[in-house]
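Starting from the structure of chain A, add chain B where the hints point.
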Amino acid sequence: DGGITQSPKYLFRKEGQNVTLSCEQNLNHDAMYWYRQDPGQGLRLIYYSQIVNDFQKGDIAEGYSVSREKKESFPLTVTSAQKNPTAFYLCASKGTASTDTQYFGPGTRLTVL
Amino acid sequence: QQPVQSPQAVILREGEDAVINCSSSKALYSVHWYRQKHGEAPVFLMILLKGGEQKGHEKISASFNEKKQQSSLYLTASQLSYSGTYFCGTARSARQLTFGSGTQLTVLP
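Chains A and B, in that order, give the protein sequences.
So in the working numbering the end of the first sequence lands on 113, straight run, no missing numbers.
So in the working numbering the end of the second sequence lands on 222, straight run, no missing numbers.
Where hints are given, some of them may not hold.
[Unchecked claim] Each pair of labels, with its calculated beta carbon distance range:
#, chain 1, residue 1, chain 2, residue 2, range
1, B, 205, A, 109, 28 to 38 angstroms
2, A, 7, B, 129, 17 to 27 angstroms
3, A, 14, B, 139, 37 to 47 angstroms
Everything labelled a hint here was simulated from the structure, so no lab data went into it.
Ideal Cβ placement from N, Cα and C applies to all residues, glycine included.
If we strip away everything but chain A, and leave its shape as in the complex, we get (with noise of 0.2 angstroms):
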């Protein structure tokens, strides 16, 4: 089955650690993004890439960083220096066509205690 996967689904971390969030597509899609979600809140963007080796900051870049050494991964690393980390993170890839949309993985739930 094709579809985006996200790993881990419940993720704690201490202050003052790195944590990277997994996400893979076996879409074939090209495109790429990180969202973060605060209870009750829309999507906010973190990243986004469009092509292997390429990727650009969203609207809340800062504290967080991303590769895209394949095609079928794009993982995200909260650092330390991201000042309120704990939220849902939803990962989303995109076909090139127009009418394409995004689709999303089953989110990351990250508690920083």
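Below, chain B alone, put in the same frame as chain A:
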């Protein structure tokens, strides 16, 4: 620029209808509608491209008024399964979406 959704929340009884609106101050290329259940990922409902075409999916349909940069999502004869938060995502190009803050829909028996 984040699109503005209205209303923020709506409560219905089964069988009733609802309309959710999404407005942008910028010229739009497309509007995408999603529904999200609590703790889950958003699920794609439909996409509307500029041109005013109305799309439908069972009892859920939507329209896009290009002149007003406004889209509306219509839910008719609502079912319990329609409960969730509805988001519109607006695109000024084919590259990325900007999401509204969502409309929480609750359908009661």
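Hints versus structure:
1. 205/B / 109/A: 28 to 38 angstroms: Distance hint for residue 205/B, residue 109/A holds at roughly 30 angstroms.
2. 7/A / 129/B: 17 to 27 angstroms: Roughly 40 angstroms apart at Cβ, these two residues miss the hinted range, so it is violated.
3. 14/A / 139/B: 37 to 47 angstroms: holds (42 angstroms)
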